[in-house]
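S.K.: Going by the numbering used here, the sequence shown opens with residue 1, and the numbers climb by one from there.
Rather than coming from a laboratory, the hints here were simulated on the basis of the structure. Incorrect hints may have been included.
What the hints assert, rightly or not - Beta-carbon label-pair distances, calculated as ranges:
| id | residue 1 | residue 2 | range |
| --- | --- | --- | --- |
| 1 | Lys773 | Arg31 | 49 to 55 Å |
| 2 | Gly764 | Thr130 | 33 to 39 Å |
| 3 | Gly68 | Pro767 | 50 to 56 Å |
| 4 | Asp403 | Glu300 | 36 to 42 Å |
| 5 | Glu668 | Leu630 | 32 to 38 Å |
| 6 | Asn692 | Lys759 | 39 to 45 Å |
| 7 | Glu568 | Gln268 | 20 to 26 Å |
| 8 | Gln575 | Ser543 | 34 to 40 Å |
| 9 | Arg187 | Ser737 | 39 to 45 Å |
| 10 | Glu59 | Arg27 | 17 to 23 Å |
| 11 | Thr229 | Glu507 | 56 to 62 Å |
To be verified - With a straight-line cut-off of 20 Å between C-alpha atoms, the simulated EDC-like cross-links for lysine to aspartate or glutamate are:
| id | residue 1 | residue 2 |
| --- | --- | --- |
| 12 | Lys771 | Glu137 |
| 13 | Lys233 | Glu150 |
| 14 | Lys404 | Asp468 |
| 15 | Lys230 | Glu208 |
| 16 | Lys113 | Glu71 |
| 17 | Lys782 | Glu668 |
| 18 | Lys113 | Glu63 |
| 19 | Lys649 | Glu629 |
| 20 | Lys652 | Asp694 |
| 21 | Lys233 | Asp260 |
| 22 | Lys173 | Glu150 |
| 23 | Lys545 | Asp606 |
| 24 | Lys321 | Glu288 |
| 25 | Lys113 | Glu208 |
| 26 | Lys440 | Asp403 |
| 27 | Lys652 | Asp727 |
| 28 | Lys759 | Asp686 |
| 29 | Lys154 | Glu119 |
| 30 | Lys440 | Glu539 |
| 31 | Lys771 | Asp752 |
| 32 | Lys328 | Glu308 |
| 33 | Lys328 | Glu202 |
| 34 | Lys654 | Asp573 |
| 35 | Lys773 | Glu761 |
| 36 | Lys769 | Asp727 |
| 37 | Lys328 | Glu300 |
| 38 | Lys173 | Glu137 |
| 39 | Lys649 | Asp694 |
| 40 | Lys652 | Glu629 |
Just so it is clear, CB atoms sit at the ideal spot from N, CA and C, and this is done for glycine as well.
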Amino acid sequence: MHEAIEELLSARGIEYVLLDPELRVVRTSARACSFVESPELLRAGEDIRSGFPELFGAEDCLEAIVRGESERFEIRAIARSLGTFHEPSVQGTVAYLDLQIVCLRAHCESPPKLLATLENVSDRMNLEQTLVQSTNEMSLMMASLEASHEYIHKVIESIADALFVVRADGIIKTVNRSALEWFGYARSESIGQPITRIITDERFVFEELHQSLTTRSESIRELEMHCSTKTGKQLLVAFSCSSIAADPHSGSEFLYIGRDITATRQAQRRVAAQYRVAQILSTSASVELALQPILETLCENLDWLTGEMWLVESEISLDLKPVATWQKPSEEVRTWQLQAQTNTERENLARYAWQSGQPQWCILSILDGGSQEMPLNARAASRSPAGSQHSLMLAIPIKSGQDKYGVMLFLNSEAKSPDENLLQILDTIGTNLAQFFQRKRAEAALAESEERYRDLFENASDLIWSFDVRGRFLYANRACQQALGYSWQELKQRSMFDLLPLGQRIEFAKNFRRALYGERIEQMRTTLLTIANRRIEIEGSISSKQGKGEEIAIQAMFRDITQRLATELALRDQQQRAERLLLNILPAKIAAKLKLNDRTIAEKFDRATVLFADIVGFTGIAGELSPLELVNLLNDIFSQFDRLTELHKLEKIKTIGDAYMLVSGIPEHHPNNIAAVADFALDVQDAIAQFNGDRNFNLSIRVGIHTGPVVAGVIGLKKFIYDLWGDTVNIASRMESHGVPGRIQVTQAVRDSLRSHYKFEYRGQIPIKGKGKMDTYWLVGKL
1 MHEAIEELLS ARGIEYVLLD PELRVVRTSA RACSFVESPE LLRAGEDIRS GFPELFGAED
61 CLEAIVRGES ERFEIRAIAR SLGTFHEPSV QGTVAYLDLQ IVCLRAHCES PPKLLATLEN
121 VSDRMNLEQT LVQSTNEMSL MMASLEASHE YIHKVIESIA DALFVVRADG IIKTVNRSAL
181 EWFGYARSES IGQPITRIIT DERFVFEELH QSLTTRSESI RELEMHCSTK TGKQLLVAFS
241 CSSIAADPHS GSEFLYIGRD ITATRQAQRR VAAQYRVAQI LSTSASVELA LQPILETLCE
301 NLDWLTGEMW LVESEISLDL KPVATWQKPS EEVRTWQLQA QTNTERENLA RYAWQSGQPQ
361 WCILSILDGG SQEMPLNARA ASRSPAGSQH SLMLAIPIKS GQDKYGVMLF LNSEAKSPDE
421 NLLQILDTIG TNLAQFFQRK RAEAALAESE ERYRDLFENA SDLIWSFDVR GRFLYANRAC
481 QQALGYSWQE LKQRSMFDLL PLGQRIEFAK NFRRALYGER IEQMRTTLLT IANRRIEIEG
541 SISSKQGKGE EIAIQAMFRD ITQRLATELA LRDQQQRAER LLLNILPAKI AAKLKLNDRT
601 IAEKFDRATV LFADIVGFTG IAGELSPLEL VNLLNDIFSQ FDRLTELHKL EKIKTIGDAY
661 MLVSGIPEHH PNNIAAVADF ALDVQDAIAQ FNGDRNFNLS IRVGIHTGPV VAGVIGLKKF
721 IYDLWGDTVN IASRMESHGV PGRIQVTQAV RDSLRSHYKF EYRGQIPIKG KGKMDTYWLV
781 GKL
C-alpha cells in the first residue's frame, strides 16, 4: 500500500488492515489490534472474520468489491468492550468504530487487495446518545409540566371556595367555577374586570392590600369583606389573600380564596340578638326602660330599617298604640318612612297579628301617589303593581300562652319573605318579652295590692310561694300546688325542707340563710319531691321581705324546668349517638378535624401499608341465596374481619361488594404497621377456614399487600368516606387481583421488611400496569 495513503490515514487517526481477496490479513497498522479481543486475531495470514465476526455473511458484498461491481462496504457503530490488554484507564469501557472496506485496484495493487479502515467514533456516538437522552428527558419534563398544569386546573375548578387571581392593578385574571356560581357572572364577564366589581366593601382598597402582601412573606387570612352578586345580592365573604409568583414582565399577582360566611355571621348575629335581649330583660327595672334597647338590638342585628313596639293601652279598650320606635339613621330610610307615614298598613298588620296570635307579614308597595298593601304573608313582590318600590312589614305578637300584650312591628326595604328560623327567633323573643311583661306587671301589682298580687300569681305559670324563717309555707300559688300535687291545706302543714331530697337540704339551707340576711339569690336551682315522690327540677330566685310590723318572710319564684332538662338530656344523648356514628364512619382523628373545619381534609403519609382482600367463591354462593341470607352471610364474614382489624389496631377503609380494604400506619402512627397487616392476613385465612368448617362452604380469600407513601383524606359534601390514593394503593390492589385464591401476595418492599420474622416464597415477576414487571412473593407464615 502506498505510503501516502498510510500517512493520510494516520493523520486522521484511522487504523487499517490490508487484506488479500481471500480475506486474509496481509498487514495492519500499529493500533489496529486495539479493536479486537486479542492481537493474535490480526496476525498476517489470519482470517479477518476471526477478529471481526460482523463480516460473516458479507462475503458476496466483498467479492463484488474485488470484481469492481461495488465501490465499498461499511458497517457503522460496531461496539467493542475493551479488554485487559488495553490501557487500565479504558478497560471495561465500550468503544465504537466504523468499519469500511474498499479495493486497492486503482492504486496498482496486483493482485488487487482490500483495505479495511477502522475509525474510532466513540466520542461521536456518546455525543449522539447524550443528545437523544437530553431530548427524551426534555419531552418527559414537558409532558410532566403539562400534566401538572392540568392537575392544578382541575383542583382549582373543583374546590368549593371562590378563587380569583388578580393582577397588581386590581384586574381579575383567573376565576374558578365556584366563584362564577356564587356571584352569577359568566367567565367572560369576570375576567378582565376589576375585583371591586365583586368586593364592594367600602373598607376595601386593593392597592393597600397588594402592597401589604408584597412586603410580607405570609398571607392574610380571614379578611371579611362585603361582596355583591350580579343580581345585587349582598354576601359576606372571608378571604385568604397571598402574593404569588408571576411572569416578571407582567408584575406581581395575588390570589384571593373566599369562603361564604353570610349564613354563619347571620346565625351569630341572631344568637347575639337573643342573648342581648335576654340580658336587657334580666337587667331592666321596668318595661318602659327595656323597649327601646330591645328594638335597637333587634333592628341592628337582624337588619331591619325600622322597628316599633305596639302595646295594648288599656285592658278594657284593647287598643294598640305605638309606644316605642327605632329607625336606622339614614336619609334614605327617613324619606322612605315619610312616604309610608300616612298609610294605615302598619296599624292594620299589627292588629291582625295581635288578634291571630301568630307572626304576620305583607309586601308593601309604595307608589308615587301613595301606597298599596299586598295580601298578608305574601310570598313575592311580583303581585304588586309594576314600577313600584317594595317593602316588607313583619308583625310579631308579644304573647305567652293566652296572654297577649302587644306586637313588635318591623319594616325593611328588601321585599322578601322572612325565613322560618327568623320567625322562630322573633316569636321566642316575643314570648320572652311577654313573660317579662308578666313578671314586671306582677311585681307592680304586688306593690299595689295584696289581693291583686294573689290573683296575678295564682294565674302565673311559675311556681310562686313564700315561707317563714323556719321554712313553713305562708303562701303557694296554684301552679305550685299543681306541680307538687299537694293542696294548700296539706302544704300549710309542711316545711319547705320536707319537700327537698336529703342531698340538697344543706345547700338550700345556705341560700335560705343568705336570703334572710337580705341577699337576693338569682338563678337558683334545686329539686323538689311531689306527693307521688316524683322529682321535679326548678330554677328561680328567692329573697326576703319584711313589712311594717311583720316578721321576715322569704319569697320564692321558680319555674319547673324538668321538661327542659329532659329535653337537654335527650339532645345530649342524640349528640353522643351522632358522635358514635361519625366515629364508626371516620377515624377519630379525622372526625375531630372535620368537626372543626368544613374544608376538604387531605394528608400525605410517607409510610403506610395497604391490604386488599377478595372472597373467592362468594359469587357462586350468592346465586343460591336470598338477598337477606346473602347480606347476613357477608355481614358475618366482614364482622369477623372487623374484629381482627380492631385486634391488630388497623384502619378499615371500606368494603366493595365482597372485597375488603384496610390500611395501617394512618391516620395514627403504628410502630409495626407492616407486621400488623401481615398478621391480619394470616388470621383472615384462618378465619375463612373456620368459617368454611362451620358453614360447610368452600370459600377462599385472595390477599394483596404493599407498603409505601399514600395520600389520605375526606372529600365531597355528602356521605363522607375516609379514602386513600396513590401508587401504593394501586399496587396493593394489583397484588390482590393478580394473586391466587388462598394465597397472600406481597411486594418485595413488604418481604424485605418482614424477612427476618416471616416465611416467604418467591413467586416470580408479574406485569403491573404502569410499573412493568415486579418481583412478588407469597407470605406463608411466621418463622
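S.K.: Of the numbered hints stated previously, which ones are contradicted by the structure, given in increasing order?
M.R.: Numbers 1, 4, 6, 13, 14, 15, 17, 19, 20, 23, 25, 29, 34, 38, 39 and 40 - these are the hints that the structure violates, sorted from lowest upward.
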